[in-house]
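Colleague: Each residue of the sequence shown is one higher than the last, beginning at 1 in our numbering.
Hints are computed from structural coordinates only; laboratory data are not their basis. Wrong hints could be hidden among the right ones.
What the hints assert, rightly or not - Label pairs and their computed distance ranges (CB to CB):
hint	residue 1	residue 2	range
1	Pro25	Gly59	30 to 38 Å
2	Leu33	Leu4	17 to 25 Å
3	Gly6	Leu42	14 to 22 Å
Since the structure is predicted, the reported quantities are computational estimates derived from the model, not experimental observations. The C-beta atom is built at its ideal place from N, Cα and C for all residues, glycine as well.
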Amino acid sequence: TLRLLGDLPLNWRRALMLHELERIPVGDVADVLQVEATTAQLWIESANRYLEARLADAGFELAGGRPLDGIRLAEQ
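Please model the entire structure based on the sequences and the hints provided.
Modeller: Right, here's the structure in full:
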């Protein structure tokens, strides 16, 4: 999954990582990226759909979650 992140468009990757890994709410992601909340949400959804499709192409099946479920950044 992590290797696939590099294939994402930069805006999708930034939005996804802020929201899914850092657990930042969509509205705050939008503020950080200086876009509307609807745009940030679209980028996150698009990134998740892309990752799901690529994982399915590789023979992986998601067990009802999102591609990055279970992956968190280490506490520092």
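Colleague: Each hint: holds or not?
Modeller: To see whether the hints hold, each was checked on the structure:
no., hint, verdict
1, Pro25 / Gly59: 30 to 38 Å, "holds, 34 Å"
2, Leu33 / Leu4: 17 to 25 Å, "holds, 20 Å"
3, Gly6 / Leu42: 14 to 22 Å, "holds, 21 Å"
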